[in-house]
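*Asks:* Residue strings, one per chain:
Number of protein chains: 2
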Amino acid sequence: MRTIKLVLQYDGGKYAGWQVQDNATTIQELVENALGTVLQEKIRVSAASRTDSGVHALGNVAAFKTSNPFPLHRLHRALNGILPPDIRATEIVETKEGFVPRYAKEKTYRYALAFGEFVSPFQRRYAWHVREALDFGAMQQAAEAFIGEHDFTSFTAAGGGEKTHVREVYRFEFGAGGVISACLDDKDICHFDITANGFLYKMVRNIIGTLVEVGRGKIAPAEIPKIIEAKNRALAGPTAPPHGLCLLSVKY
Amino acid sequence: MRTIKLVLQYDGGKYAGWQVQDNATTIQELVENALGTVLQEKIRVSAASRTDSGVHALGNVAAFKTSNPFPLHRLHRALNGILPPDIRATEIVETKEGFVPRYAKEKTYRYALAFGEFVSPFQRRYAWHVREALDFGAMQQAAEAFIGEHDFTSFTAAGGGEKTHVREVYRFEFGAGGVISACLDDKDICHFDITANGFLYKMVRNIIGTLVEVGRGKIAPAEIPKIIEAKNRALAGPTAPPHGLCLLSVKY
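Chains as they are written, first to last, in the numbering used here: chain D, 1 to 252; chain R, 253 to 504.
Rather than coming from a laboratory, the hints here were simulated on the basis of the structure.
Incorrect hints may have been included.
Covered by chain D, according to a simulated footprint, are these stretches of chain R (three or more residues, beta-carbon under 8 Å) [what the hints assert, rightly or not]:
{"no.": "1", "region": "261–267"}
{"no.": "2", "region": "331–339"}
{"no.": "3", "region": "367–374"}
Simulated crosslink set (DMTMM-like; lysine to aspartate or glutamate; CA at most 20 Å straight-line) [said to hold, decoys possible]:
{"no.": "4", "chain 1": "D", "residue 1": "Lys187", "chain 2": "R", "residue 2": "Glu281"}
{"no.": "5", "chain 1": "D", "residue 1": "Lys231", "chain 2": "D", "residue 2": "Glu149"}
{"no.": "6", "chain 1": "R", "residue 1": "Lys257", "chain 2": "D", "residue 2": "Glu117"}
{"no.": "7", "chain 1": "D", "residue 1": "Lys14", "chain 2": "R", "residue 2": "Asp338"}
{"no.": "8", "chain 1": "D", "residue 1": "Lys5", "chain 2": "D", "residue 2": "Glu91"}
{"no.": "9", "chain 1": "R", "residue 1": "Lys439", "chain 2": "D", "residue 2": "Glu91"}
{"no.": "10", "chain 1": "R", "residue 1": "Lys266", "chain 2": "R", "residue 2": "Glu281"}
{"no.": "11", "chain 1": "D", "residue 1": "Lys187", "chain 2": "R", "residue 2": "Asp338"}
{"no.": "12", "chain 1": "D", "residue 1": "Lys218", "chain 2": "D", "residue 2": "Glu144"}
{"no.": "13", "chain 1": "D", "residue 1": "Lys5", "chain 2": "R", "residue 2": "Glu369"}
{"no.": "14", "chain 1": "R", "residue 1": "Lys439", "chain 2": "D", "residue 2": "Asp86"}
{"no.": "15", "chain 1": "R", "residue 1": "Lys266", "chain 2": "R", "residue 2": "Glu284"}
{"no.": "16", "chain 1": "R", "residue 1": "Lys470", "chain 2": "R", "residue 2": "Glu481"}
{"no.": "17", "chain 1": "R", "residue 1": "Lys266", "chain 2": "D", "residue 2": "Asp86"}
Small disclaimer: the values here were computed from a predicted structure and weren't measured.
No residue lacks a Cβ here, since even glycine has one placed at the ideal position from N, Cα and C.
Chain D with its partners taken away, still in its complex shape (with noise of 0.2 Å):
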């Protein structure tokens, strides 16, 4: 059997989410039903992230299993022809045997805010358009709150089935200019970039929505470690939009 890694890109927008499910068209799915039209067998991806819908990624890693001798760069192509144009896999390498996705050192996320009155109309897919006026060091402020190990069941909702609730977050940026960047738009535009040794259903929008509050004055940066602490969903701030989301990188 061969393990192979395949690392995806995907604009979200229209997919509901990674997982397989009724009804709805996934990104897990699509890859599963690409590969096994090339390899002409069932195939089972695996992925280190299983994205929400609307959630976009620019380096999702997925793993799967094959005996089929089919070659890498002919299957890339294949799989790239196959898939729809808003999913690519930029990467295909067979890698070692019990390779498992989701077993990675560190994920970063990116989440993109548009502010000021109205959103470009090339950053409305991938940015959260919020109108009022922010403080933007309030909210670096609260960031660096996040950093380091804690349990974060008040950032984490229902229906993620973890184990444990503590992650680590190693680093937490602000930045300007978004996922995308329209070449002459990129003063209404930025980002805060989210690195864990792992993260919990819908945390990094959690996250998101909290600081948000806290750029509008609702809740004080000196507020985010007793919120932490807390342990109570209910004192954290709304869950952020999915299209804001991008998955940047996971690393091993």
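Keeping the supplied structure of chain D fixed, place chain R upon it in accordance with the hints.
*Replies:* The following block gives chain R in isolation, referenced to the frame of chain D:
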């Protein structure tokens, strides 16, 4: 009568270009209808560039007349509220009587090319994907031959209705990145920015189609002055597709 100047940004992918036509949705029609709804009168809008079907704009300039004293900041908000999200007015100001958007001093277009095996899902709507390896040195050399005042008959299409085919190209520059840039993906995308005192019908797309033939080795850079000189459309390359083209700015 007031003369109102608008700056418009749009993703042209879904539209049959700027100019009103039967049986197809155009940007002019949507802008005129939205303004008409707010101002409660029939509004006629003219633009600096009647962009073709599928062509984008970061800053097309348009103007209309009205005797309605409606406050502009409210008009701006109402207009963006009515327009679909892939068309935005980024600016709206009162200007001097007799302002005609198409009497511009210069216009700048960007044409984006994606190269390599596949095009990123985030770039595919805004860049022409050319699979073959291109000789960018030759393309840049060829681009220089377009600079200056020339009769561009070899690079226009029937239907423009211009009185003269003479235009002056001020700048023609090559750069990394596209109309929009995915944050991790700039290496497989580049652009040409062309600035002139005016452009003939399909001129940029015909020039880019010709440059790509140069990049493919099918036309030598030294042939470009001869192709210009010949005033014969049949000697130039094919028309590049519209979705790689974006009107960046118009100056007066």
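*Asks:* So, for every hint listed, does it hold in this structure?
*Replies:* Status of each hint after checking the structure:
Under a criterion of three residues with beta carbons nearer than 8 Å to beta carbons of chain D, the stated coverage of the region 261–267 of chain R is upheld, 3 such residues being counted. Note: the region 331–339 of chain R has 4 residues with beta-carbon separation from chain D under 8 Å; the three-residue rule is met and the coverage holds. Counting residues of the region 367–374 of chain R whose CB falls under 8 Å from any CB of chain D gives 6; the rule of at least 3 is met. A C-alpha spacing of about 30 Å is found between Lys187(D) and Glu281(R), which places the hinted pair above 20 Å, so the restraint is violated.
Of the supplied pair hints, the one linking Lys231(D) and Glu149(D) holds, its CA atoms being roughly 14 Å apart against a limit of 20 Å. Straight-line distance between C-alpha atoms of Lys257(R) and Glu117(D) comes to about 18 Å, which keeps the hinted pair within the 20 Å bound. Proximity of Lys14(D) to Asp338(R) is assessed by CA-CA distance (about 16 Å); at most 20 Å being required, the pair is judged to hold. As the CA atoms of Lys5(D) and Glu91(D) are separated by approximately 8 Å, the hinted pair is consistent with the 20 Å bound.
For the hint pairing Lys439(R) with Glu91(D), the CA-to-CA distance comes to about 15 Å; that is within 20 Å, so the pair holds. With a C-alpha separation of about 14 Å, the suggested pair Lys266(R) and Glu281(R) falls inside the 20 Å cut-off, and the hint holds. Restraint check: the Cα-Cα separation between Lys187(D) and Asp338(R) comes to about 19 Å, which is no more than 20 Å; the hinted pair holds. Between the alpha carbons of Lys218(D) and Glu144(D) the distance comes to roughly 18 Å, so the proposed pair stays at or under 20 Å and holds.
Proximity of Lys5(D) to Glu369(R) is assessed by CA-CA distance (about 18 Å); at most 20 Å being required, the pair is judged to hold. For the hint pairing Lys439(R) with Asp86(D), the CA-to-CA distance comes to about 19 Å; that is within 20 Å, so the pair holds. Between Lys266(R) and Glu284(R), the direct Cα distance comes to roughly 17 Å. Compliance with the 20 Å bound is thereby established for this hinted pair. The hinted pair formed by Lys470(R) and Glu481(R) meets the criterion: a straight-line CA distance of about 19 Å does not exceed 20 Å.
Pair hint Lys266(R) plus Asp86(D) holds up; C-alpha atoms about 16 Å apart against a cutoff of 20 Å.
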